[in-house]
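The residues making up each chain are set out below.
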Amino acid sequence: MAKIKIPTPLRAYTGGNAEIAVQGETVGAALNDLTTQFPELRQHIFENDQLRNFVNVFIGEEDIRYRDGLNTDLDADDNMRIIPSIAGGR
Amino acid sequence: MQATMTRIDPQQVTLTHDEVMRYSRHLIMPEVGVAGQKKLKAASVLLIGTGGLGSPLALYLAAAGIGRIGLVDYDVVDESNLQRQVIHYTSDVGKLKLDSAAAKMADINPYLIIDKHNTPLTSENALDILKDYDVIIDGTDNFPTRYLVNDACVMLGKPNVYGSIFRFEGQLTVFDAKQGPCYRCMFPEPPPPGLVPSCAEGGVLGILPGTIGTLQATEAIKLILGVGKPMIGRMLLYDALEMTFDTIKVRKNPACPVCGEHPTITELIDYEMFCGVPAHDRSDYKVKGAGAGVRGITVLDLKAREDAGEQPYILDVREPHELEISVIPGSHNIPKGQVVARAAEIPRDREVVVQCKTGIRSQDSIIMLQKLGFTNLVNLKGGINAWAREVDSSLPIY
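Listed in order, the protein sequences are those of chains A and B. Taking my numbering, the leading residue of the first sequence gets 1, the next gets one more, and so forth. Taking my numbering, the leading residue of the second sequence gets 1001, the next gets one more, and so forth.
For reference, chain A alone in the conformation it holds in the complex:
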């Protein structure tokens, strides 16, 4: 199963888990599996089944926006991550 690394701001919705194993042959299917496991996460990732604009999903070091977006093929050993928008500095 592929893994998704969850950023700190979203861990409140994954029971504190930093990494979740997900099933799916595409990025979209894997994110659907993730939000089925953690329904409260869905509104923070999707808007009308599209990725919300501030959500950055990477496979390895590549942004899926520059691959096939939610249709990007996913291998079982892929490591996905959601890159959070964080602004702290003080």
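It is worth saying that the hints were derived from the structure and are not from the lab. Watch out, some of these pointers could steer you wrong.
Negatives, chain B to chain A, calculated, CB over 10 Å [to be verified]:
| no. | residue |
| --- | --- |
| 1 | Ser1044 |
| 2 | Asn1081 |
| 3 | His1117 |
| 4 | Gly1210 |
| 5 | Thr1264 |
| 6 | Asp1301 |
| 7 | Phe1374 |
Some but not every residue of chain B turned toward chain A, in silico, with C-beta under 7 Å [unchecked claim]:
| no. | residue |
| --- | --- |
| 8 | Asn1142 |
| 9 | Glu1169 |
| 10 | Pro1188 |
Where is the CB? At the ideal position from N, CA and C, for every residue including glycine.
Given the coordinates of chain A, work out where chain B should sit on it, guided by the hints.
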């Protein structure tokens, strides 16, 4: 890499004997040498924020021999800053951060010129302040100022050494739209208000800004010297708990509204409206839209009602570990991340006062619960810290 990127020609700069002694560990490295040290002395760097990230930045850049450093801040040193803002000492509490930081920097390096900009950075003053510096370093703490700094840097053609932190996580990159992506290429839109808490609400490991700020200082020095591989088009992701440093690619978006092929944003905009949150605590921006539908109650009004014999239901949406710091007697705890799932536990037939540390998470919780049909929720303005300040001085403020 261009030979020199400073506004002052490094070849016109001289080093005194004292400076040669001071910088000898730089001068004996071929990557710096006398020529490189002159580049540093010719350089001007603007630090936006003299807090967590700004502290190590200011200390190391002053020590390294940067010729002129500008500081932008309007805040005063507060006790809760001292856990991480290492340029400020206990004896500085109450002083302007600018004065506190400048005193340390001048003591570290008397050759340094320091410009103090005692103001919040705004759309009105940003271009004017930034234009006089070679490298801009973003050490601010909120989304509106992040987008403002980005757009101003793109418009002025300046590199923006970016670092940001949250709890145990840090990010580092260099946005230089002349050679690579800008902040908006990576983050086209800010997250909705409330999703990503500030460090004041969500906390930050005290050492984390030290790590990220020191890395920002390193990138700034590399840019000025023109050595090594700058973090342009790459972002470093630091996880202090896992102790991992991962690098991802950041690509330039040809459709970017600021640095793309056909920019639609060609002058600075209202960034508070864009992000839906105030940029600083002196802002008169009021959260519009979502927050407008939330009723509030002051701590004094709540106390008066309790004194009159009412027993309002108080819902505390902080994390369980925060209850060890302070708690309003009789309150019921459901953390913000669980309020929707545990909504059945919240009464609907009487008024519920929702409370957190400062009133931000409680407002977010009310907005989420209103979508489930709750109409009986009021937000405790200022949270338990206001309660501690105005009602019950036996409680600590955090």
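For this structure, which hints from the list above don't hold up?
-> 2
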